[in-house]
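*Asks:* Below are the chains, spelled out letter by letter.
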Amino acid sequence: MKDMKEQLQSYLLGEVEEDEESEEEERGNDKKIKTYIIESNLPTPEKLRGLPPSLTVSKSADESLYNVEVKTSRGSEYLFIDSSDSRFWLFHAALESGYLNSIMDEVVARNDSKLDYSWFASSFLERQCNIGGGSGFGLRYKNSFIGRNKDLDQKYLRTFSMLFWGGRPDEVLAGLKKNPDIASGLTLSRVGRVFRTDDGETREQISRKGKFTLFRGDSIDTHILAVDTIRNRYASLIRNLETNFRVRSSSTEWGYKVEGTYCLIQMSKEIEDMRHFVSVLLSCQQPFLLFGIPQAISGSLVKVSAVDLHTYDKFDMEIGRDFIRVFLRERSCGNVVARLMTNLQEFYDSQTKLMGVDNEQLL
Amino acid sequence: MSSFSNTSRLLNCLVAFATKTPDFPCPLYDKGFQLETIEPVILLPDGHAAKPDIQFRRNENQLLFFECKDGACERDQLERYKQLSIDDLKRGRVTSLPGSSLNLFDLSYFGTKGKEDKLMYSVVNMGNPFPLVILDEHEVFWHASSGQFKDPLLTAIFGKIEFERPVPLSFIPFCASDDDDTIIICLLQHFMSRFEYSFTLDELLNDLFPQVVNYYSVKGKDEMKGRIGRILKTIMMHDEFSSALSYDNNTQRYTFRTMAPVAYRRKCQKFIEDCSKKAKETLYIRLEDFDET
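Chains P and R, in that order, give the protein sequences. Position 297 of the first sequence, counted from 1, bears residue number 297 in the numbering used here, the numbering being contiguous throughout. Position 60 of the second sequence, counted from 1, bears residue number 60 in the numbering used here, the numbering being contiguous throughout.
You can take every hint at face value.
In the BS3-like style, the derived pairs of lysine-lysine whose C-alpha atoms are separated by at most 27 Å in a straight line are:
1. K20(R) - K353(P)
2. K267(R) - K114(P)
3. K47(P) - K5(P)
4. K113(R) - K82(R)
5. K114(P) - K47(P)
6. K51(R) - K225(R)
7. K160(R) - K150(R)
8. K20(R) - K269(P)
9. K150(R) - K82(R)
Treat the hints as calculated values from the structure; they're not laboratory data.
Looking at chain P on its own, in the form it has when it is part of the complex (with noise of 0.2 Å):
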């Protein structure tokens, strides 16, 4: 571990600085250091599966470090996956962005990889990745489920987006949510944060497929704070959905019962074709990589027997109106309700919530 400390130290400290608004990430021909907590379901890096034949796995020194070698055209270049926390990897690297997103889909991405994204939603970027001052954020909203109806085209927003970096950003975000025509599309894709410890300063950018870009800084040590402190609240949430939120049935010395509840996803507005968001929600396809059955119980319930593609546990759903209960059952992975509802966000209404039994918001 020490020595992936000094070679990502080295690599920050020879860094040409470049500012948080530079293109060079929208273009992905940046080199900034990246950090990704991904969600796994393996046991260990040498179990991952379907690789691209440019990557190579191997052990080090430390037995929770693992380097993976990675041909490009220009010669080997590196990448860090950290399995000490053994549900929550950390993929170091320091390549390319636009290279390194398609890696990580490649191996993150894929049906039953195991692996997942840690899908911070709008509301967690903005409530729980709020350590340090804020440099800035980014907006991206786009409406997947408005069908070909030209009414709903004008009733709803259909693309927002938007990057801001400066000072008083929440000020700037609060006053946008006053206006009630934008407020369903100011999704956080992104939030900028200063960072500062007794050891250095970093510059990150947040972002919501669980990556922490780091922009500036002198501290390798504090960006790795800065990454395990988001990890521990993203690791506490998915805790708390597993703990609390399945429903198990078991067998009693008198029969069979079940215990646990479910938790709902709130949306603030109401589903007006249903047919049409059933079947962009379960097409199997990125972002939400769900499969379901859905039954038509009424005319504004569809009970849904759903499989996440990631791990291939099973689920139910329950979709009304403006509103979905998720039954994770006892092996369910919580991850797919972040995934459920960072997507929804982004792609359907960013004012859905996530709620638990107390009138307590999860997300």
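We have chain P; now place chain R onto it with these hints.
*Replies:* Showing chain R alone in chain P's frame:
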């Protein structure tokens, strides 16, 4: 295919009443009732068994049973429930409550608004003492013309429970009275969650409904296996799945060959549509609909 049975809806409604949820009332939970057993079996002195659908416990001394009934109830079942006594419950060891402290129990029928008259006729008009609770679209209420609960707290709870949202249906995705359609959906979901799945009927039953298998009688298991075996045959004979699901007579094992999710989803849709069409062509007459005389 909207074949979710009303019996399942009733059962799920009672589970929801005893469970704290984000958007549905939980009056049983609020008053200290805990779900103890689904489908308990209580042996009576004459050797017959009373089999209510669900059992709750409260404090150290009280049990509450419901029989979920979408239609009229059978006379012999009523007779068995009339016989049921505290002593039977203590002797049968059907609860985690200490036998010495158990001194109060209620048994109520729980029916749907659509079949309220049939249930009312078969329970109340025939002089049976049981309370009758009815599920309507947005409320549950105790039928004032039916029997009283022994515990006045229950009369207060079930006097009227109102809710805006539909009854949660996924606590218990399946119960014995569900149509084959519901089992088909459970099966198709299950196949998607497995890779190159090879199984015997026993293994499948254990994978799908382990909690049920553990306490079903041999006869009950055989009936369930027979039912699932017939459904698997229907799936195998359908064009969409004839090459995906196969059966080996020698090993008595089925094999389901995994396919891409999008293709599988398309096949499931086609299969379900065809099943729905067939169901519409068949007129099902349920015996309980004629059990009024």
